[in-house]
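Quick note, the sequences are listed as chains L and X, same order.
Residue numbers for the first sequence, in the numbering used here: 1 to 231.
Residue numbers for the second sequence, in the numbering used here: 232 to 545.
If you're looking for bench data, these hints aren't it; they were derived computationally from the structure.
Every value quoted in this text rests on a predicted model; they were computed, and no experiment measured them.
Every residue gets a Cβ at the ideal spot worked out from N, C-alpha and C, and that includes glycine.
Fair warning: there could be bad hints in the mix.
To be verified - Quick look at which bits of chain L chain X covers, simulated, 3 or more residues with Cβ under 8 angstroms:
#1 48 to 62
#2 66 to 75
#3 79 to 87
#4 173 to 187
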Amino acid sequence: MSEIAVQALGVSVAFNGHRALDGASLSLPFGTVTALAGPNGAGKTTLLRALAGLIPQATGEIATAGYDPRTTPPARLASVRAYGAQAAYSAWDFTLSDFLFLSSDPSLCDSWLERLQLTDLRHRRLSQLSIGQKKSAHLALAISSLGEPFGKIFLLDEPTVGLDLARQELVQKACLDLALAGAACVVATHDMNFIRRCHQVAVLSEGRMIAYGPPAATLTPAIIYETWGVS
Amino acid sequence: MNRTLLAFGSGLFGLVILIFIALSVGSAGTGWGDGGGLMLLRAPRILAALAAGLALGIGGAAQQGVFRNPLADPGLTGVFGGALFGIAILLGVSPGLAWQLPWIIPLAAFLGALLTSVLLVLISGRGNTARLLITGLGLNAFTAAGTLVIASRSNESRELLTNGAYGDWLGMATFELIWLPCLLCAFASGLLLTLGRSFDLLSFGEDSAQASGCDVNRSRRWAVLLTALAAAAATCLIGQVAFIGLLAPHLARGIIGPRHRLMMPLSGLLGGGLLLCADTIGRAAWPQSPLSAAAVMALLGAPLFIWIARRSHE
């Protein structure tokens with residue numbers, strides 16, 4: 001296996017003529033957590049979805065675990081990369097124990113539910129949970145889908161949003177632990193504390209990549225002012 | 232797991248009892264007749280009701296799964312109407328041809344159902360209840376009007392088509408007429424069950440499903456095709472019947488939860504049971520001129536439909 005988990009070169013995405021992503025390039029090794037930062041509408045989710053293989057019309061070069069995610073069969077891709085969507089959506093009112101039934105690895109899913117402090121809520125339905133609890137449950141399902149984290153890729157869209165402080169810390173720690181175990185994590189997030197703990201940061205603005213590198217080099221006052229308009 | 236076993240066990244037990252009751256009531260009096268003669272006469276009708284109910288229970292669950300919408304039902308979304316319209320066009324164009332080979336009527340029904348399904352997917356898009364139901368309403372109205380136009384222009388098929396529109400074809404059932412649609416019901420239902428995992432993954436949205444290894448477009452295409460086949464085969468057996476594709480999955484979900492791999496088979500079992508029950512009630516209560524299974528179904532299903540519509544909020 002190569003050291004590089006995700007490689008993107010000049011990736012662009014247009015939705016109905018609007019350029020949501022404009023020539024983004026990244027190279028992410030295993031063993032790291034990379035934050036995608038930037039204001040609303042900067043293209044974080046679009047980049048994450050393109051890397052996950054969810055945007056067939058994305059142009060440019062993408063290699064996720066060595067596969068072009070746009071042409072690789074979904075089942076093969078699903079064995080090497082997990083994707084955690086931003087909204088914890090479910091059409092049906094499952095209980096959390098149903099999640100174990102839906103999971104590809106029930107015992108691992110169970111241990112992630114426990115790690116995210118959801119074990120006591122197991123017999124509740126989704127409609128009886130708060131947004132943060134639902135979000136955590138979906139995260140447990142997504143993360144546990146890959147089994148052993150070594151050599152796997154986790155693409156998580158705003159994994160800490162809506163979570164209480166304790167669970168935010170649990171999720172940040174979980175991402176760092178996955179990287180320690182040899183996985184690559186990419187998280188789209190607005191949480192500056194989280195971003196500063198990541199190994200790499202890609203700062204996006206209006207679909208373009210403004211800066212890319214370790215937090216100390218990318219989150220300079222000048223770039224923060226240029227990107228978010230705050231000092 | 233115990234709850235699942237209990238649900239399927241008592242469902243099957245209830246169904247067996249129901250079949251015995253259905254075999255013993257009818258216009259020729261109660262009982263099985265000399266040497267089971269009456270039983271043989273009633274058996275095709277019972278088999279047809281079970282097969283159609285199975286296909287509709289599973290087809291309804293599949294349509295709800297693929298649209299991720301508890302109100303999707305082939306009867307309400309116009310797919311059923313399309314199947315009957317297909318039969319009506321065949322009878323209108325060439326009434327002689329229809330009865331020459333056993334597969335011609337099922338084929339016409341399938342083409343009608345498939346065309347309506349494709350239109351439904353193209354027009355209604357995904358996920359939005361209002362758009363889905365309004366599109367279904369339109370398709371339903373159009374196909375029903377088309378069927379009526381053909382029925383009113385054709386002397387020989389008028390009664391047949393009108394009875395079909397009222398879901399009153401079960402009374403005509405003979406083994407020669409029903410064997411192929413029954414097989415098609417079983418075939419479509421069986422294949423739809425294999426899509427259970429896809430529907431489970433689709434519960435969390437298309438992105439999540441695709442990311443979890445489900446080929447969303449492929450699953451959707453198969454679901455639409457097979458639901459159309461199930462609806463068409465059921466139409467050949469009974470005519471038009473609304474609400475059963477709504478009632479059966481809803482009850483199944485209430486009993487063992489929304490996991491499709493468990494819920495769909497139970498929905499099929501309940502669908503068969505409900506339709507047979509409706510038909511038996513119609514025959515037992517008015518032995519000389521039985522009320523159609525579809526009419527009984529609608530009396531039971533309509534209040535439930537309103538109740539679900541009130542409860543489902545997006």
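Hint check:
no.: 1; hint: 48 to 62; in the structure: holds (count 4)
no.: 2; hint: 66 to 75; in the structure: holds (count 3)
no.: 3; hint: 79 to 87; in the structure: holds (count 6)
no.: 4; hint: 173 to 187; in the structure: violated (count 0)
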